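**Student:** Next come the chains, spelled out residue by residue.
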Amino acid sequence: MTDTPIIRFQNVSKRYGDLTVLDHFDFEVMSGEKVTLIGPSGSGKSTVLRILMTLEPVQEGVVELDGLSYRQPGRHGPFHASARHLHQIRSRVGMVFQNFNLFPHMSVLRNITEAPVAVLGLSKADARARAHELLEMVGLADKAQAFPAQLSGGQKQRVAIARALAMRPRVLLFDEPTSALDPELVGEVQEVIRRLAHEHDLTMLLVTHEMRFAREISDRVCFFDQGRIVEQGPPGEIMINPAQPRTRAFLGAYLPETSTG
Amino acid sequence: MMYGFHWDLSSPLAFAWSILPIILIGLTVTLEATALGFAFSLIIGLGLALLRRARARWIAWPTALVIEFIRDTPLLVQLFFLYYVLPQYGVLLPAFLTGALALGVQYSAYMSEVYRAGLDAVPRGQIEAAAALNLSRARAYRSIIIPQAIPRIIPAMGNYLVSMIKDTPILSIVTVMEMLGLARIIGDRTFRYLIPLTLVGALFLILSMSAAAAVRRLERALPKTGIPLR
Ligand SMILES: Nc1ncnc2c1ncn2[C@@H]1O[C@H](COP(=O)(O)OP(=O)(O)OP(=O)(O)O)[C@@H](O)[C@H]1O
Ligand SMILES: [Mg+2]
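Chains as they are written, first to last, in the working numbering: chain A, 1 to 261; chain B, 1001 to 1230.
Here chain A stands alone, though its shape is the one from the complex (with noise of 0.2 Å):
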């Protein structure tokens, strides 16, 4: 982890109709930080990654990513900025769906092959060898010829993380990743995003209502309410000892050791 930011949100306001989702809303991450959006349901969580990942524009405000602004001046369209900007941006970040959205008409290696061969112009046969490494790191050497139906879904939020991957994105966001599993699959999950976590540079945003795993793998945990970041820092301090109330009652429903006075 640097001490340069690599996300900035400055002041944006997110809206859909009359609903305020994100309001003035402040929030820097650095370089390599790996850093958890814990919360209520609707406070905002998704909404931020969406929107780092260019799948939502925001109303106001600067959103930059690696020095990149999300919106260029003079520029029209819901996301003030051109098709060629918005793939600048998209080549450095990547996003694990909760539900996995892998591509069903495809094998498991053509879901991890074909951005890296359209989008990187990656040859066929090395995006295939990047692909097995991958499914190599994250267990499933022997599932290349599979087809997503024929996975469990903690095998499918895998591939998701190794497609992710393969496109070499200096920030990873997981929404819920372990979520849509079942209890017994989550750790298989857990465990590549564990090692990810552990051991590479990237910079990584997971939201996740899995409080222990949280405390694991974040330098930071940031709780959000209503659009808001209410409490932040370390994961030993917010989730041993948290200051404001409302972060306590949150946690009082997740974790068992956390007094909740």
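Among these hints, one or two may not hold up.
[Unchecked claim] Here are the simulated lysine to any residue pairs, SDA-like style, with alpha carbons at most 20 Å apart: (1) 1224(B) <-> 151(A); (2) 1166(B) <-> 1080(B); (3) 1224(B) <-> 145(A); (4) 1224(B) <-> 146(A); (5) 1224(B) <-> 106(A); (6) 1224(B) <-> 99(A); (7) 1224(B) <-> 107(A); (8) 1166(B) <-> 1038(B); (9) 1224(B) <-> 110(A); (10) 1224(B) <-> 104(A); (11) 1224(B) <-> 1151(B); (12) 1166(B) <-> 1224(B); (13) 1224(B) <-> 150(A); (14) 1224(B) <-> 152(A); (15) 124(A) <-> 1229(B); (16) 1224(B) <-> 1154(B); (17) 124(A) <-> 1166(B); (18) 124(A) <-> 1142(B); (19) 1224(B) <-> 147(A); (20) 124(A) <-> 1038(B); (21) 1224(B) <-> 149(A); (22) 124(A) <-> 1228(B).
[To be verified] Per the computed footprint, the stretches of chain A lying under chain B, defined by three or more beta-carbons under 8 Å from a beta-carbon of chain B, are: (23) 23 to 34; (24) 46 to 55.
Simulated from the structure, these hints should not be mistaken for lab results.
Since the model is a prediction, treat every value here as computed from it, not as a measurement.
Where is the CB? At the ideal position from N, CA and C, for every residue including glycine.
Following the hints, complete the assembly by docking chain B with the ligands onto the known chain A.
**Tutor:** Relative to the frame of chain A, chain B with the ligands by itself:
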């Protein structure tokens, strides 16, 4: 006599047998008109669907209006329009081409809806995953969206093909000699309508049923998850 075939009025069976070759010539015209009309509808329909999905409102909105207009007017009106109005503006097409074009235009409105429904049925998450992998819009369509839309689109298209076959007799009104038109002429000349019309009815029945069966088989053969292109 027609097309060099003489009819034999000695018995109903002999009559049927003697006019069958004439009706079969009409059948080829029916099939050709359907094939060409269907091809037109696929192409025009795709154009309409894409324009309808355009981000610019001043393109999407008039397109929606055109689609609605085509859908809400009878095929015969469009046929007459192309057949009688276009020549007044110097566009003189052969009757067969005019007929196929009218079929194509009418069905393009339905096809545009088929394309739209097929594309819209691809889950949003798939499009978001494509964006997260930095695939361009064009590439996302080619690799992710269209392949998953195809298993929904093709059966619907097949159903319209079946119904287009049954609309071809309308072309006889503008002198295209397809099956029904020929049957009527044979009736007019022999004063026997039952047998030629029954023949035509039976041929339409066979045609429709086999086309529908082919569509069902195709539908079953298509993988539900999608068909990778290339
Ligand atoms: N496309 C949308 N249109 C309208 N409202 C939306 C849309 N997406 C999200 N919202 C609303 O924005 C608010 C924040 O949503 P968001 O998904 O960021 O919450 P979250 O913190 O991720 O919650 P959860 O834990 O349930 O996933 C919610 O009130 C949600 O209903
Ligand atoms: Mg969420």
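**Student:** Against this structure, judge whether each hint is valid.
**Tutor:** Comparing the hints with the structure gives:
1. 1224(B) <-> 151(A): holds (17 Å)
2. 1166(B) <-> 1080(B): This hinted pair holds, its Cα atoms lying about 18 Å apart.
3. 1224(B) <-> 145(A): At roughly 18 Å apart (the allowed maximum being 20 Å), residue 145(A) and residue 1224(B) satisfy the hint.
4. 1224(B) <-> 146(A): It holds: about 16 Å lies between the C-alpha atoms, which stays within 20 Å.
5. 1224(B) <-> 106(A): Given pair residue 1224(B), residue 106(A) holds - Cα atoms ~12 Å apart, limit 20 Å.
6. 1224(B) <-> 99(A): holds (19 Å)
7. 1224(B) <-> 107(A): holds (14 Å)
8. 1166(B) <-> 1038(B): Status holds; Cα separation ~12 Å.
9. 1224(B) <-> 110(A): holds (18 Å)
10. 1224(B) <-> 104(A): holds (9 Å)
11. 1224(B) <-> 1151(B): holds (6 Å)
12. 1166(B) <-> 1224(B): violated (29 Å)
13. 1224(B) <-> 150(A): With a Cα-Cα distance of about 14 Å, the restraint between residue 1224(B) and residue 150(A) holds, given a limit of 20 Å.
14. 1224(B) <-> 152(A): Distance ~19 Å between residue 1224(B) and residue 152(A) Cα, so the pair holds.
15. 124(A) <-> 1229(B): holds (16 Å)
16. 1224(B) <-> 1154(B): Roughly 12 Å separates the two Cα atoms, so the pair holds.
17. 124(A) <-> 1166(B): This hinted pair is violated, its Cα atoms lying about 48 Å apart.
18. 124(A) <-> 1142(B): Holds, because 18 Å separates the two Cα atoms, which is no more than 20 Å.
19. 1224(B) <-> 147(A): Given that 20 Å is the threshold and the Cα spacing comes to 13 Å, the pair holds.
20. 124(A) <-> 1038(B): violated (38 Å)
21. 1224(B) <-> 149(A): holds (11 Å)
22. 124(A) <-> 1228(B): It holds: about 16 Å lies between the C-alpha atoms, which stays within 20 Å.
23. 23 to 34: violated (count 0)
24. 46 to 55: holds (count 3)
Of the numbered hints listed earlier, those contradicted by the structure are 12, 17, 20, 23.
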